[in-house]
Amino acid sequence: MYAVLALIVRRLLLSGVILVLVSGTVFIGTEILPGDALDATIPADELMYYSDDDLARMRAELGLDKSAAERFVNVFRGLVTFDFGVTLMTQESVIDSIIHPLLNSLIMASVAIVLTPLVSVVLGVWAALKPGGRIDGAVSGATLFAYSMPDFVVGNVFVIVFAIWLGLAPAVLMITESAPWYQILAVSVLPVLALTVSGVAYQFRLLRAGMVEALGSEFIERARLSGVPEWRLVITHALPAALVPMLNGTAQFVAGIISGVVVIEAVFKFPGIGIELIRSISQREVPTVQAITFLAAFAVIASNLLADISILALDPRVRRARNDR
Amino acid sequence: MSVTRREFLTYAASGATVLTLSHLLDPTRALAASPDIVAGMIESQTPKSGGILTYGQTYPNWALGQSNRGQHPYFWLDLLTRSVWNGLTWVDEDMNVQLDLASSMAPSDDLTVWDIGLREGVMFHDGTEMTSEDVVSSLQFHMLGGVGLIRTQMKSVEPNGKYGVRVHLNGANAEFPHSLAEYRAMILKKNDVDTIGFDGIGTGPFKLVEIDNARQFRAVRNENYWMENGPYLDEVRGVLTMGNAAINGFRAGQLNAVFNIDPGQVGQFEDAGGRTHASASGDQFWLALPKNLDFPWNDKLIRQAMSLAIDRQKINRIIYNDPNGWTGNDTHMNGVNGEWVARPIERDVEKARALLAEAGYGEGVTLPAIAFCPSFPEEPRVYPIVAESLAEAGITLEFQERPCDGFNPYTEAVNKPYGRPKRSLVGPRNPFINLSRLTTGNPAERGAWEGPRADRYGSLLVEAVSQQDPEARQALYAEAQRIAQEEVPGIMLGGRRNMAAHAANVKNLRSHSQNWSSRFEYVWIDA
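Sequence order for the protein chains is Y and X. Its first residue numbered 1, the first sequence is counted upward by one per residue in the working numbering. Its first residue numbered 1, the second sequence is counted upward by one per residue in the working numbering.
Only chain X is shown next, with the shape it has when bound in the complex (with noise of 0.2 Å):
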């Protein structure tokens, strides 16, 4: 099928409420969207400026410990970039890109290529002027691995003018401008790969004025941010505070918000006056199941048994006090993805077990077990009750808890390139990127995955991409999805929710189901 670029516009266009890029790939209307972003928010509000938001963060960067050098966004306290940078796109709470820096992108055809306009007039925070020199450096420099989208999808860049740049992709891709909003893809100063980003200047509406890469950052409004509104906050102090310290820091009034609090404290949090708002969504728990091994779970009936055992909605009901909350189809898509498609049954322990004696083991079969790092406060909790479900069913799995410092290292070290069974962290993303990691590119998720089955996943993802038509695409990503489920490739908890906690004065912090979206220009404090 060939489709004009016209055409191209006017279906995608067309398919807003599916993809919502139309606003991208139309300049006019690009222009007027990212004020929006706080406009939207700030509305029928009467924002005051000034003082100090001082929030506790109880999920620190994964990267943490592999660095000193906090003030890189790669190693940031955090994964909430967007406080010191700025992104050429963003994802918004309804999963929706929205530009950023970009004021403009338009694909080619093809959608191989993609022509990026940059917003003018904006300072990074050592009084620069940002222009397409200092966008080629930063996605060059991402380009070699940093953020791994970025790797993957992209073959080059160029700079298309002062305010303006080109990339080059390895295949066609419709939702590239996803990839641009991941937490690391942000745009730094102009600089050779062994220095850039180290120096903690970046566009966003903070300027970053101390960090103790393991503990906190503080940093001060910037002056010269580029929105028409916002930011409101003279100031914006992180900490990280595991465990207690949370609840602790906010009932003592040190913190006036928290972000993903332990949802076993909400009443905590509320009890102290706090006011507390769950996402849609929010990052998951992938169990990945490495099948290069002699392990049981080699054999598909085994995993669609362990899928069929696992108690999800129990999860849900406990852990998250959500009984009707989404659950795990055992891919990457989330349940906040409007291309989710839910599996066929949602529990059937008899069929479990008869799917075990059919693959040889009547009397129960005992696995591997899986690593799991506690990111989040609960996740502790989650694992006993999967272990227990899945017990019903006849299958003893043990989950062994190893530090989040060096979790990655660990499970990669050995069984190159699946490494050791484990619990994979999963943050909600559109649906190309979230079904992808099942794809070659991604081993240590898929686990050898291989066979006529999966191959089918992949160019079913590949074609899916490549079509101008949001509809078809849909269609190719549900049957994906199908073949996912039918796989089970590995299994895919699901149903969390990411949680925030503020003080009754903080408007308009929210919690946000790509942890690392949320942002702070509309944040302020009544006084």
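Bound-form chain Y, shown alone (with noise of 0.2 Å):
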């Protein structure tokens, strides 16, 4: 048990590390390279429409006249403290600016977070009942056409049948960004649903994979002939067993849905941080690109953290390992 807690613990400081590192990336990727923030912004060949005055102005607006050192401080202490500063164009705080976004965001990635392992269990489970019989032949093909397709493709087909063809979702998300959390929801069914499609499909191989290996397994075997039921031996015996890969795909599934919000949420146009992402960088918002950029990674490593505690928790012989060390 010491040895778990330790593992813990560990990964809490790693996790703080990580974020560090993080946020220097983030300072570099969005105040320093190539050179600094204004030179990313002026190409060579416009530099003529500048004079040495603009320049300097320029610098002095963006805080480019500070060292490196104390600007990195700056940022660092603001993004750890989520003190995301204001925003250049208005004025306003980023945080109030996109709170709401944010919020929506969260709420569609949890329904969809939540639903992903949910729905590849149940697809696993029926798939590795029978393996390469029809029905497993049939989902087994089906996840796999829909892991190849992109997420925008996804998207627009679900809007094409649900909402033009079929009339069961709106194809225009006509919702204020400040909506109360119900009606986001309500409106979320088709952005959902493009989102867990390839989470799903991911999801669905680990499990089946490791469905079928755990029930062709000695263990499985020797439970089936004393006498255990079919069931028992697939739901209580083989599914724990075949979660644990799943669980680190449904790791990486959330930090990929972070991307694929991006992706949605320009599709349907779901008032969520996706959106505001594109804004804010077609706007050089360097604030508030930091503020999500940095909560996004805060977001993967929080979920990476609470994958591992899961399968510590799942998983006897990752816990045995640990002990034994």
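These are computed hints drawn from the structure, not numbers from a lab. Just so we're clear, the structure is a prediction, and the values are computed from it rather than from any experiment. Treat the hints with caution; some may be incorrect.
Said to hold, decoys possible - Selected chain Y positions facing chain X (in silico; Cβ < 7 Å):
1. Asp54
2. Leu115
3. Val161
4. Pro170
5. Ala171
6. Val172
7. Met174
8. Thr176
9. Glu177
10. Lys269
11. Ser282
12. Ala297
What the hints assert, rightly or not - A few chain X residues that don't get close to chain Y, going by computed Cβ distances all over 12 Å:
13. Gln140
14. Pro452
15. Gln474
16. Lys507
Said to hold, decoys possible - Here are some, though not all, of the chain X residues that point toward chain Y, as calculated from beta-carbon distances under 10 Å:
17. Gly56
18. Trp62
19. Glu210
20. Asp212
21. Ala214
22. Val220
23. Asp234
24. Arg237
25. Leu240
26. Lys314
27. Asn324
28. Val349
29. Lys351
30. Ala354
31. Pro403
32. Asn415
Note that the Cβ used here is the ideal one computed from N, Cα and C, for glycine as well.
Each chain sits in its own coordinate frame; assemble them with the hints.
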């Protein structure tokens, strides 16, 4: 038990280190490379439009007249304390400007994150009951096809089929950014489905492979010979073992869902953080880009930590390995 | 020439077909003029009340990214501010100025002072009456810079009784009523300059209920609207629908109208049961060419070659399916203007090559890139045609796409006050406003165009707008246009029409050449 706790503490510390590195990367990406933020926005053939006074003024406005170390300390302090400053254009608090889109995306992503492993488990178990059978073949083929489809294609196909042909969902999400959560949830059906398609496909394949392997293993065979019913073999013995690789896949899915959210929100015009990120990049709103990037990285680190802890809880072999060290 | 006020009224009335200001100058006629906006439209119809108009808009307000206060007309979702507010005047589909909240307008003999009578009994959405105090407060606010034309033209404004104001101008201006019809020049409830307009309260046909600055708004019928007829709709909802969202929303039945549809999607809207309407003209693309830096186009010959090489008719043919449409004449004048003067030669690639050679670029020339943002859906398809046709004459010109949010700050950030080479959006207006965009008050679009011909151009406009006689004014405008065509301070592509689509049961919804002058009072839905 001590070893497991030590592992969790180590992971927390490691997450802190990663967060520092992420802050540094965000800083470098948005303010330093290549040269500085000003150079990044001014290609060489455009420099003819700028006088020295222009450049000096713009550098001062962007705070680029301070040293890189000084600027990093400022940016880092702001990021880790969740004080993201104010927007360049409207001078409003960054967190105020992104809080509603952030919550909306969290609602959509949370549903997708919960739904994806559930659907994957159902399909994976179903297919693994008779490997090579018709159901397995159909589901495996469909998921392989779905996995190969880019998110924006899935989104557009869903709009055409479910909104335009069948009229089951709105084609244009007519909802305000600050709408209550239940309204956001109500319009999230298609975006969530589109978001889960690739995740389900990937996690299904991991789970199915794990299930097939587990169901063919010696311990399952022994249990089967001792008269344990087949459904119990599948649910209580094979599934937990097969879940471990799938959970790693779920953690990856959470990391990937952030880029998926950007694409899906753009397709559906969902009032979320992805749209906000695109807008702030196009407006060169560096503080907003920094805030969203940092929060996204934070979410990935947190989800990986959660996945590690879940694996520890589910898989006695991992716990034993830790304790044996 | 000395002309009395009475003579001026006579001249103005006789020139109604040219400038159609006569009814504004005659209060007895003016009182009847505005209700005709609706009455004329619903004539021989039996409008029904009720229903919700949900329109998609592909062209958001260019200032959207500059504020999160969408209930202010300056930062309204799109430029169609007349859903919630009214101006003192309005420009109709024939580009004639009409009275809106003004009941009369009369200038002094020297055209530097305008007395404006106000409609009585007009109520704001909060139930208070609009008086001269509100109008003075609004115009003073617009003079701070929000409405460039008002800032430039007006010296001061003062109340003239409870239902009248007097406006003092910086110079004579026979076409001043047009400036009051701008999309930002709405009449707001009196307040101090820091807060005026942020309450979202207007006198318009619909009352604002909800707005998400960058996405959509919802407004309900103003039961106390001042017009005799309309509004007929229970509710108007507007939503920004970029990309395929417009056609998808229309096909799905979520939208029963779309403003500024992609001309390439007309067939798709019609296949989906929609009716499409193209206005006589629309917003245009002006290529602003700064001439203060060491650019090849500083030489007039290069600019003339550019203008001769661009295949504007091909743009009309391919993009707008309008082979007989007008083409730009290298001023801000619009084909819908009666005073418009065509360029003498539409296109001549050989002559363009000869001009290049004369300028010392016999082997061709590479020009600095021009930035644009895709304000209208078809815009990214326009510039490849321009670039290809220029290339035929040996001119290499790249167009660089930039995001629309923040486009103006991007283009204006450097090389002040001229900015980067860019395409500038030009809405159709009256001749004086159109042509004034190439005078010193607008350095970006003029792009450091200087010299005796530029000076002559400016003085012609001043002289024209001081003229009582519309025909004399027209002659001066024509001369100014010919100067610009010879000098080519910038390039107007031209030919674009605004287009709207609507469901078959939506009546009277039309696209307006002046995009922002679309109105909703006479729109009704046949259930």
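### Violations among the numbered hints
2, 3, 12, 18, 22, 23, 26, 27, 28, 29 and 30
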